[in-house]
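Let the hints inform the model, and build the full structure from the sequences given.
Numbering (the numbering used here), first residue to last: 2 to 238.
Hints are computed from structural coordinates only; laboratory data are not their basis.
Hints may contain errors.
Keeping only pairs whose Cα atoms sit at most 27 angstroms apart, straight-line, the calculated DSSO-like set for lysine-lysine is [said to hold, decoys possible]: (1) LYS116 <-> LYS186; (2) LYS18 <-> LYS205; (3) LYS209 <-> LYS18.
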Amino acid sequence: MATTTEASLNERLLTAKCSRRACLAALRGGEVEQALGDPVYRLCLIRGIRYHYGLGEELRGTLPVFNRALNARSIMSNVIASFEGCPDDEVPYCVWHPETALQETYRELARRYPKMVYQVGRACAVAGYTQLYTQLYNELDILPDVHIAQEARKCGNLAIFEDIMSWTVRYSIMNDYTLSTNLDKPHSAHLNGDTCARWILDVKQGFKDADCEYEEEDGKLVSMGVWDEQGYDDNMF
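Next comes the structure, spelled out in structure tokens:
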């Protein structure tokens, strides 16, 4: 049987009544609203969490999207949360935007969670931590990844870019579409522009007042109308 707290939280996750003011407050790191079901508000809150350390900590353990954002924000604030055994969709992928952590933080992250070595390598490409990247290559045998190369080039850190390009074969380990890393079966690849480089993440889009009616389906909110205005556009980089 669910506790009163759990029931209250479930009710919040299925409540989609949220104002534009609440969305703007979430973006700016303001107080978390009671209604957490509105898709626009969730996106604004996730963005707010990534930009404001400490925001939304009470939501840890609720939804994977919140957990992942909270874990990523902690790392960028030089606090490595414990996510051993967490599902893949809760393990942080982007740990280099909107800001990078200290070099020592990334070194410790790679030590504790070796499966995140490519995320750390990508952060090195953004921050210019060439020495740490070289150390990862020497100690953990990371493969030359095309996404890290493209990130390094876009961020002006050419030492890492040129190191990767010096290899005869390069690989696609990271996947910015699925926010995942393919560690088991890496395949060779070329630089083909499918990297969501850091500067792209600085491009923002507006949102509108949603005009949707939702109904609950298997514990989730589902839009009832085909032409409902959800308040934002799904943009692919």
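Evaluated hints:
no.	hint	in the structure
1	LYS116 <-> LYS186	holds (14 angstroms)
2	LYS18 <-> LYS205	holds (24 angstroms)
3	LYS209 <-> LYS18	holds (14 angstroms)
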